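Participant: With chain A fixed as given, assemble chains B, C, D and E onto it according to the hints.
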Amino acid sequence: MADAETTAKTKKKADRTGFEPHIIGFLCNWCTYAGADLAGTSRIGYPTNIKAVRVPCSGRVDAMYVINALKNGADGVLVSGCHPGDCHYNQGNYYARRRFMILREIFSAMGINPERLQMSWCSAAEGAKWAQIVAQVTEKIRELGPFEGI
Amino acid sequence: MEQLIQEAKKLLEENKVDVVIGYRSSPLPPFTRPAFIRRPEDCEQLVFNCGSVYNLTRYLIGLGEKPAIVVKGCEQRGLVVLEQENMLPRDSYLLIGVGCSGQVDERKLREGGFDRLPEQLSDELMADKCLYCDQHNTPDADIFVGDEVESVEPRTERYAGLDEFFAQDYEELYHHWTEVFSRCIRCYACRNICPLCYCEQCISYVNMPQWLPRSVADNNNYLFHMRRVLCMAGRCIDCGECERACPVDIPLRTLYKRIAQKIEGFFYGYRAGNNREQLPPLQDFNKDDSADFIL
Amino acid sequence: MKWEIKTEDIHTSFRDEVEELSGESFGACYQCGKCSAGCPIAFAMDHGPTKIMRFCQLGMEDEVINSDTPWLCASCQACTTRCPREIDIAEVMDALRIIAKRRGIKPRTDPDIALFAEIFLSNLRWFGRIYELGLVGEFNLLSGRFFKDFGKAPAMFLKRKLALLPSNPFKWGKVREIFKKCEKMKEGEGRE
Amino acid sequence: MARIGVFVCWCGSNIAGTVDVKKVAEEVSKLPYVVYSTDYKYMCSDPGQNMIKEAIKEHRLTGVVVSACSPRMHEVTFRRTVQEEGVNPYMMEMANIREHCSWVHDDMEEATEKAIELVRMAVAKAVELEPMEKIEVPVTKRALVIGGGIAGIQAALDIADGGVEVILVEKSPSIGGKMSQLDETFPTLDCSQCILTPKMVDAAQHPNIKIYSYAELEELDGFIGNFQARIRQKARSVDMELCNGCGDCWNKCPQKKIPSEFEAGMSDRAAIYVPFPQAIPNTPVIDRENCIYFQSGKCGVCAKICPTGAISYDQSDEFITEEVGAVVVATGYDLFNTDVIGEYGYGEIPDVISGLQFERLSSASGPTEGKIVRPSDGKKPEEVAFICCVGSRDDKYGRPYCSRICCMYTAKHAILLHHKSHGSQAYVFYIDVRAGGKGYEEFLRRATEEEGAIYMRGRVSRLYRDNGKVVVKGADTLSGAQIELHCDMVVLANGITASPGAEELARKLSISYDEYGFYSEAHPKLRPVETNTAGIYLAGCCQAPKDIPDSVSQASAAASKVLALFSGDFLTREPNIAEVNPFTCTGCFTCREVCPYDAIDEEEVTVHIDGKKVTRTIARVNLGKCQGCGICCAVCRSNAINLKGTKDLQIFRQIKAFTGSEKEKSDEPVGSKK
Amino acid sequence: MKYSYYPGCSMHSTAAEFESSFRFVAGVLGMELTEVEDWFCCGATPAHITDPLLGLALPTQNLLQARPTGLDVATTCAACYNRLKTANRVALEKPKKREALAQILGEEYKGEIPVRHILDIFVNDVGVDNIQRNVLFPLNGLRVASYYGCLLTRPPEVADFDDVENPVTMDKIVEALGGVALEWPFKTECCGASFSLSRSDIVGRLAGEIMRYAKQAGAECIAVACPLCQSNLDLRQKEASEYEGVEFNMPILYITQLMAVAYGGGGKDVGLGKAIVNAESVVHRVFGHRGSERVER
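Chains as they are written, first to last, in numbering that gives the first Met the number 0: chain A, 0 to 149; chain B, 0 to 294; chain C, 0 to 191; chain D, 0 to 673; chain E, 0 to 296.
Some clues are possibly wrong.
[Claimed, not checked] The calculated DSS-like cross-link candidates involving lysine-lysine, where the alpha carbons are at most 30 Å apart (straight line), are: (1) B/Lys8 x D/Lys611; (2) B/Lys286 x E/Lys95; (3) D/Lys22 x D/Lys52; (4) D/Lys395 x E/Lys171; (5) E/Lys93 x E/Lys109.
[To be verified] Footprint (simulated), chain C over chain E, 3 or more residues, beta carbon under 8 Å: (6) 26 to 33; (7) 132 to 146; (8) 243 to 249.
FYI, nobody ran anything at the bench for these hints, they're computed from the structure.
Computed from a predicted structure; not experimentally measured.
Where a beta carbon is used, it is the ideal one built from N, C-alpha and C, also for glycine.
Extracted from the complex, chain A is given alone in its bound form:
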């Protein structure tokens, strides 16, 4: 956690060479988006690579969004919702979990590293966790390198 933060803060763009991944994040309105807001209010720093799209529920995220994000130049995608049992709509995150479990398998089978699709649970109270997730996902995708598929 501390490492991730320092990485984010010390590695100014000017000092960095190499690849900066583009990551798109689909965040559920009730938990993760609010958690990301909390990270902001608490001034917990993290890398700039992820840009968030606000959706009502992780269950709203169509598998095609992920595929199209990759198609259109994203290097990785993060879907983040409420913890199991906490979904504002009771069960959306459970459906999402199954959907992306399968999508990752489809990726594997078709030769796309499934790690390009990440999923997390992050509640509205977990600002610090959000920062950690961003750092972690950014690092993972950075290691995978740019996506030049589809």
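Facilitator: Just chains B, C, D and E now, kept in the frame of chain A:
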């Protein structure tokens, strides 16, 4: 065969159905052609043999007539899926069950250099799906004609060879599939013949937003087929029609089966078409589903 | 009994050891007392099973392994059956006996209890089936009660209740093999 | 053609300190459709908002992007702003460059770059935004209350007092519920019947309350504001209009050996009966299963003797449909069935009785007229043991939860024993005494200090008979002693379980319930009386075990929710719900399977396919039920269902805008890693 | 009805009469028994309190030896029943232990062989009707306290054929034989058999209470279905009487002995003379004085 003809006749004579959908012989035996029989006297044309390869259930949706249909054991699973998806109530057709001990694979026949079938359909010429078949006799049939096939031991595992094939690394797999899909001419035969592709408007035609670019350039075929894999996830019954219909020999079943294999592993042994009461995996969830991949 | 418990007393490995061996978790016990209430042998024990569970929760090793309670447990499972937290208390007692043995501690009030189990097992090891005259005889000899139950033996012989010779011979090699392998496994664990 | 204005907020130095707001405004002005862009210190201030209004006028803006803080903070503010200038409020989109950008990054260059991307995404979405109108659903201002116990009565009275009609449905022959069976209530020892019966009468006489007793909810259709409740009025076999409640029938009924439910089996009733003298309505019912006439066709004594000819054997169940706008569920609880605890021998040892049976023994209106005697021989019990947590805090019997009332009613029983049976000794076996309510701890102290109850900390292991006594095998964990008492009577403090049929009712209402059958509130802390189904509220023990004051409080809370809902003629809801494209919907109803709110209805449409007219059944979204989660959209294979405000096209545009422009390639080629 | 039969050590020595009467009764009821090949001791309580793994390995190996027949394993002794059932449960539910056992025994056992106590078989396979149909000499209202002991029904997850606190299978059999099954509270209280040799003081008290309650209920004899219960209650009756201060003289009989009596078994089959406390009174109640010759001298 005689029983099939007699039963079909009876159905039409008694006006129980408007049409009997089955197979009739073709100029290229043992292959057959689909037959739509509406008059009792035409029933003599009906045949069933190892060349009755078509999955006739494709014709049922939007038929507008009350049909009786000849369905092989493996294809009946598709009817279960269609019933689950509210496309085809069970009482909208009469199911004529048959015993099938395997269907010939046109491609194997061709590649093997045979101009006609040997007396006994050997395993070498049999369609892959028949080699692991565990449903030789149509279940849930309203009328069963002919003899039941005694249980035949499956020759191969249901998912034989998949683990080995997919052990390749991502790069190899990616190159394999881009190359394979570069052959695709987007004739949509795979989609059109699939008994489970019944959308009013296929997403590949939608252009606001354009989910799937229509040109064959830019790896768009790969995208199209990825979407098809997604559509088939948890639904494909491996009737093999897509692969049979493909003019450029794309091994589509490999992908569909791989996902079916994963789904069976993840979701408590789920197999599409096994049980109408069991919700398809992507319309269902279990609080204890694996969460290993979640950060 | 210990009257003072300090931080370092609580953080011992004892609780873990018992939990590991018994497979039961002491966190589950809320000290309702039902085990002590229904224990048929509680009258003879120095601490009721509930207390033993409490001692384990607090890591009070000395109190537990020097207590008679585990040795006096008759394994009747009344406690296990009725426990509202579904803890297998009888299993905990078994574990405590084994741990006491590891430490070389014998039951304080009555060492014979442990002796009986030992003789029983050696009988089993050598004869495969329990040769009951041997068991009674050996037990009395070793426990120093030469004439205990002496009066009963003739009656039992007469009624052919006690067999004079070990039961019919059979392939008992397997039994010894099991004993040996179990011992080996235990040693293996000990080294880890 | 969309004309978008972009307004970049400094938020003082909050944003401007890290993000080059000028540059952001300048960069985004180059985007297609953006006709105006500017920056300002505090966009949310009056001058800031006026700036937006002015720009709308001046530049004929069709859509607005405010690039500022989190939409969770000011979305409502800016929506109002644009609305005031005549632009549809849903044509405003926010880019979150504070919480998601300036506050979490400190490199200005990077933060500015990210801010530009965020605004670019917002603009892309704004281009595709559509005007939306809030949904107005008409409200039927009538309420249904299910369950006529104290919670149901209280909710009904409060709603009725608010001027709203209430339908009160009770499944037993009389309202009153469990509270009517109690003797005195803790911690004040006031008589339960004395405080309850006036409320029952109030409910019966209230002009706004219609009571269906001996009736059950059969089916509930519709949605918030517009429910149709189908109620089954079970056949009473007695004409309520004609009956004057004289009592001749139950006095003369030859079948009198039926254990009385009201007396907890401590005495018998006739086959035609009112459950208790103060019952409301005071009209008997015939218990057909035990009636000689219904079982053998012979008898008919009650019909012969009835002076008003009210007996009607050929009555059958009737169904009534009531239109209501809200539902309060107050179906109460049941006592834990102690039969299953073999070691306590309840049902086999006559002097082992339940807590409710003790209430009836102690009640002045009970079978013994308040004399506490033991059931086996009618003698005064000298030694009485009370056992707490019977069927509570017990994983073995699947009841790990605390029933919340037993500690206190047991203390009350000990006190009542001391009052009514002089010289009798109460022993209370407990694990922990939970006395968290107002005056509860003091009440407990009273039991031990003034009323002589002996408390022993230990769960009893077994009860068995020995020469006319009941042996209690217990323990006192505080002293470590095993305890064996020879008692005359043992009272089990049964815990609370969900009422029988709770799950079935939940399915009818489509509300959720926990593993024990208690109904789930919408939020455990902040929405404790709502359910997940809009318009359905909870009161009393059907939600979780609670005592009378808590049940009454929750009932009043539920009533106030209902009254608030009925305060307008329409229910206004946010418009971001799902909608079906009738041309592309295939009718597979995958959406219905995944909808958590049962908000997908069926609709028949006729379309032309290949020149043929085809009638198809497709999905339609129920405006009242849909909550806008969008799960349906993600599972629709033909993407025929879409979520307003988060449409596929809008998201797709955001995806494109994020990556579509100058995708940065790394300086070194990394190879085509997959 | 075919079963594998696991007698257990006692059946060949102290409980010889249990064995003989059971085999007789099984014959009458048409049960075919095949003794588990080369069975050996299940380890009873001493094994599992010394080394839990040993306590599982012994019964599991026995079950492995019973496996080839594919039949349910019938056992008479409550301790054996408990150990074998526990082995089954572990094999089914605890994969780690199952592996460890496979390592020791060289063969994996997956808990596939059902283990049944003969009471379970009598009531659920043979059926009370069948038990009644074969009665030649009804027990004539003999008042029997059925004593199940602790291991026959506990823990309920392991021993699952009867109610854990108030078992009734033996009572049903007694009623079917024409006896009177007594309602009494100590059906499942521990008799302390594991201290039979080492702590006769404890046993005296436990057995004494059991006998006191049986006597109080009006029992003429106690019926048991476990060799340990029988020998303990029978052997320690002196200590029990001393503890309670009453001379009990309570015959302790196996349920199969009562069945054998009712089915007209010969003296050798019934084995009434084997008990230390004279059971003649029971025979008199059933046959009057004609029955004396049935008691084996």
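Participant: Need the list of violated hint numbers for this structure, in ascending order.
Facilitator: Violated hints (numbers, rising): 6, 7 and 8; every other hint is consistent with the structure.
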